[in-house]
Amino acid sequence: MRAKKLNRGVALVGAGMSRFGAFPADTTRDLFVQAFREMRASVDKGLDPRGIEAIYIGNYSSDLFEGQGHTAPLMADWIGLASRPATRVEDACASSGVALRQGILAIASGLYDMVLVGGIEKMTNLPTERVTDTLATAGDVLYEIPAGFTFPGFYAAIATAYMARYGASPESFMKVGLKNHENGALNPKAQFGATIRTMMDRRIASAKAKGRPMPTWEDEMAFLHDDNANPVIAWPMRLFDCSPISDGAAAALLVAEDLADSFSDVPIHIIGSGQASDCALHDRPDLTTIASARLAGEQAYQMAGVRPADIKIAEVHDCFTIAEIVATEDLGFFAPGEGWKAAEEGVTGRGGRRPINSSGGLKSKGHPVGASGIGQVVEIWHQMRGEAGERQLPNSVDLALTHNVGGTGQTCAVHIYERRR
Amino acid sequence: MELTRHWRLHNQRYSLVGEQCDRCGARLFPPRDVCPECAEPAQELFTFSGRGQVYSYSTVYSAPEGYQEYAPYSVALVQLEEGPMVTAQLTDLGDDKPEIGMPVEMVTRRLRADGDQGVIVYGYKFRKHVKDII
Ligand SMILES: [Zn+2]
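Chains A and B are the protein sequences, given in the same order.
Residue numbering for the first sequence follows the numbering used here, beginning at 227 and increasing consecutively.
Residue numbering for the second sequence follows the numbering used here, beginning at 940 and increasing consecutively.
One should not assume that every hint holds.
Covered by chain B, according to a simulated footprint, are these stretches of chain A (three or more residues, beta-carbon under 8 Å) [what the hints assert, rightly or not]:
hint, segment
1, 349-361
2, 383-393
3, 449-462
4, 501-508
Please keep in mind that the hints were generated in silico from the structure rather than gathered at the bench.
Each residue gets a CB set at the ideal place from its N, CA and C atoms; glycine is no exception.
Let the hints inform the model, and build the full structure from the sequences given.
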């Protein structure tokens, strides 16, 4: 089969996001406008928004979360571009990773020179049980959900199979959460801008202030093993293994490569794009890997002409801690069965050999599902341009990757980015 | 579609009725009329024995609406002895903990509490298989 190539190059020249978190006063429109404004301000040489020719918006389920369908034209209208072709892209939690790919394809085809891609989700209007039900519709509602499975349950079943095959333990997963909270504490956009240690100290202080018995956790691991502080949601996944329920939006501006210099001093070239799908969990031959991620990764590496070892930094889809470990194996950073060891040994920390989720990941930054894919792009944009502040990686980031999963891997989109100066 | 087939397909969640591929003989569940192995038609009905083993599992503490009365409960991917895997709840476990490889058999149980329409939904669950006494 011939190698897949884009017909012309595509560059990222701006990216921005709202804060991720719970914002009762804001609708998706407000959040999207915030993301768009920040994106616009990030374009080095300025942006006249009227040059934007088309818009792709990732959004999982505003219909169920907010009672509002048909969201893409609304977002276009709210940023003053009501007439532009605006298309909503839905692939569960991979919605905006796939919207990004649609924007890339639209420019590569030659049809458009400038495309806005974004993601939105407003989840906190609903009580937790209804959020759970809404997320469950990304699974198979005829053959998976009636058993009483939940999304934490699916990833927990992946974790159970992974532990049995490779000898990982719940502590391996906890180490991922600890690391991502450490990174998120340095991210002003993160929902949990705090380390696990800080959250423990807050609870101790609060107990003291209220005259309640003070918790006596020896260290972070003791806190994470405490069934009250960190309840089991679906064994072996506990609360601190799960990404939160979030509101948020993100936006990025794509242009044809030959126009990049007229917008940006440091454009980021998108040199690889891959996307694949898969069946429901029960029809897969192996639960310890996500086949769509392996396929999407292979496509992206092949298009980019790079190998996993070349990638300096990756934002991967850690909707659950086990998902980050599996992702780092699926993307070829570690051999099958080695990802949990890398997580335990600190290899994936910001100072490690293979930094993963410097933003805090979905775990700490937040997971407004339809916005998460472009949210990853925002982190890559900052890290590659040396603008990530306190969490900036020590080494030059000239090659980066994003990995965005929908459902339990029924969809995966992988992208590879290059800085050339 | 003739009446019997229609009725049985709509009741396969009750009785684990799947299909068999006309060409490669693969047995499939859920039934979808197209073989996932070779993409050829698969329309011959096939009733699974209901015996299998636990491939992986979780125990759900934070349950969705309609399932809270059962929580905590264990859910599993059960590999049927004929090949396909099904997603199901484990039941009648007593003090036993689920395990990978645990032999299980299908039983019919109420799946969830009354829905909005007051419909009680029944379907398959799996319990630990007790070896037949010879
Ligand atoms: Zn076949």
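Okay, the hints, checked on the actual structure:
With a threshold of 8 Å between beta carbons, the proposed coverage of the segment 349-361 of chain A by chain B holds, since 4 of its residues qualify and at least three are required. Residue count for the segment 383-393 of chain A with a Cβ under 8 Å from a Cβ of chain B: 6. That meets the three needed, and the coverage hint holds. A stretch counts as covered by a chain when three or more of its residues have a beta carbon under 8 Å from one of that chain; for the segment 449-462 of chain A and chain B the count is 6, and the coverage holds. Only when three residues or more bring their CB closer than 8 Å to a CB of chain B does the claim for the segment 501-508 of chain A stand; here the count is 4, and the claim holds.
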